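Undergrad: Chain by chain, the residues run as shown.
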Amino acid sequence: MWKRYTTDMTRFYFALLVVFCMLPAMLAAQDSVSFKRQHKWYIPDSYVLQYAGSIGFLSAGGGYDIFHKKASVDILYGYLPRTLGGHDLQTLTLKFTASPWKIRAGKTTTVYPFSIGTYFTYTMGGRYSSDLPSWYPDGYYWWSEAVRANIFIGGKVRHKIRDSVWEAYYEVGTNELKLVSYAQNTGYLTVWDILHAGAGIRFYLNP
Amino acid sequence: MWRRFVRRLSINISIIFILSGCSLFEYHPYEVIVPDDERDLNVHAIQTIQNDVAEKDTMTLILMGDTQRFYDDVDAFVSSANQHAADFVILNGDITDFGINDEFHWVHSIMKKLNKPYLAVIGNHDLSGNGELVFEKMYGPLNYSFIKNDFKFIFLNTNSREYNFNGHVPDTTWLKNELKGDDFKHAVVSSHVPPFDDDFDPAMEHAYARILHESNKVDVSLHGHTHKYSNTQPYEDGIQYIVSTAMNDRMYLILKLWDDKYNVEEIYY
Chain A
34 MWKRYTTDMT RFYFALLVVF CMLPAMLAAQ DSVSFKRQHK WYIPDSYVLQ YAGSIGFLSA
94 GGGYDIFHKK ASVDILYGYL PRTLGGHDLQ TLTLKFTASP WKIRAGKTTT VYPFSIGTYF
154 TYTMGGRYSS DLPSWYPDGY YWWSEAVRAN IFIGGKVRHK IRDSVWEAYY EVGTNELKLV
214 SYAQNTGYLT VWDILHAGAG IRFYLNP
Chain B
-2 MWRRFVRRLS INISIIFILS GCSLFEYHPY EVIVPDDERD LNVHAIQTIQ NDVAEKDTMT
58 LILMGDTQRF YDDVDAFVSS ANQHAADFVI LNGDITDFGI NDEFHWVHSI MKKLNKPYLA
118 VIGNHDLSGN GELVFEKMYG PLNYSFIKND FKFIFLNTNS REYNFNGHVP DTTWLKNELK
178 GDDFKHAVVS SHVPPFDDDF DPAMEHAYAR ILHESNKVDV SLHGHTHKYS NTQPYEDGIQ
238 YIVSTAMNDR MYLILKLWDD KYNVEEIYY
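Same order as they appear, the protein sequences are chains A and B.
Each residue of the first sequence is one higher than the one before, starting from 34 at the first, in my numbering.
Each residue of the second sequence is one higher than the one before, starting from -2 at the first, in my numbering.
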């Protein structure tokens, strides 16, 4: 509908993002002892790869542990190729996840039975407007095409392998547009209609 | 003991995912994923009309639209409409509210329970996000037409504001062409935004009305969008502009067409 000039730019920014995230990881891998506890605040504690979850076919990014590792903040880049979803969709996601309870399950395994969180997604490209374009009267559409707000619950399992830590997680949630659709149509729609799921793995280099 | 618990938990999680099917995994609200049995719905509906509707003088249509975020009301509409005889139903745009993939499927899952075919026209809300791509895959072209019993039914995209009034929506060249020809006697034009609405390109309004008038074939023009039933002749040219209301008003119209005559009945449910 509108111009598609942003695609190349977003690809460029993504390449930068990958370099920004992966370079410290590669350096750290070479010299993990001296790197430990000395890394800069902006270097992620963990690296994430996620499938689905309404933010792309595959998403990758970094995570920061907060609140004594009971919660995390993730920044993810997600991509949905045209062949799988009808259009190339690129998103940036800011996610907050709290996993307050843990159950030890053996020497190397910990189960976090319940996670709860929220994430905001920005879909890149001029096709998806953040604000209402100028040719609409004020308040014509109340939602933004580019920005979605999601809530979710889920769980994860943490497993220690030698010096590294791996986590596998899943989440089930919805966004504000589907939630308002359900709230006004509880006769026809069921909760299952508005839910979407995602699953992923998280890797800690220097746990 | 814990190990067994973990194993059981992971088995449970996999069972949940398997039972709910892959559909729970959504890639993006604006993904364009349409299953095979939900493709080209307008094309299939026209085939059904051509095959099943008998040769006769009077055509009976049900007019409704603006189903956007009114799923409970659309469900009730289907129950009501199934009790009335009609050749087909026109869903006059704003199928969805946000143009997201799920909404198109929710509305079709209700509308497919109709005991007659339905044809969908694109509305301004359907053009949000990737709605235009979903509509094209699911229903077919944005502008289309067919002839049945000497009537030509023409459906087109009149959501000019969604294209920043670029002068190409509605496609008046296409419309003019469609109204030519001697293989039909009367034409019925159906679109979401009526020409007298602010969301119709103001520079094209009168030219559009003139095209309908000068064709000498159009007696009624059918619309949605305003969420208010109206039945007027705004251009005093003998063409009746009939606008159906939104589904939350729990009202739809039954339109009978014969020769250059018509009759509109309001149905409340």
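A couple of the hints might just be wrong.
Counterexamples of contact, computed for chain A against chain B with all Cβ distances above 12 angstroms [unchecked claim]: (1) LEU82; (2) ILE88; (3) ALA104; (4) LEU113; (5) SER162; (6) LEU228.
Not everything, but these chain B residues come out facing chain A in the computed CB check (under 7 angstroms) [stated by the list, open to error]: (7) GLY126; (8) ASP246; (9) MET248.
By construction, these hints were calculated from the structure, which means they are not laboratory data.
Here the structure is a predicted model, which means the values were calculated and not measured.
Glycine included, each C-beta is placed from N, C-alpha and C at the ideal position.
Undergrad: Taking the hints in turn, state whether each one holds.
TA: Hints, verified against the model:
1. LEU82: holds, 15 angstroms
2. ILE88: violated, 7 angstroms
3. ALA104: With a cut-off of 12 angstroms, ALA104/A remains clear of chain B, as the shortest Cβ separation is near 21 angstroms.
4. LEU113: violated, 5 angstroms
5. SER162: violated, 9 angstroms
6. LEU228: Non-interface label on LEU228/A violated, nearest chain B Cβ at 6 angstroms vs cutoff 12 angstroms.
7. GLY126: holds, 6 angstroms
8. ASP246: At about 15 angstroms, which exceeds the 7 angstroms cut-off, the nearest Cβ of chain A leaves the hint on ASP246/B violated.
9. MET248: Where the cut-off is 7 angstroms and the nearest Cβ of chain A is about 18 angstroms from MET248/B, the hint is violated.
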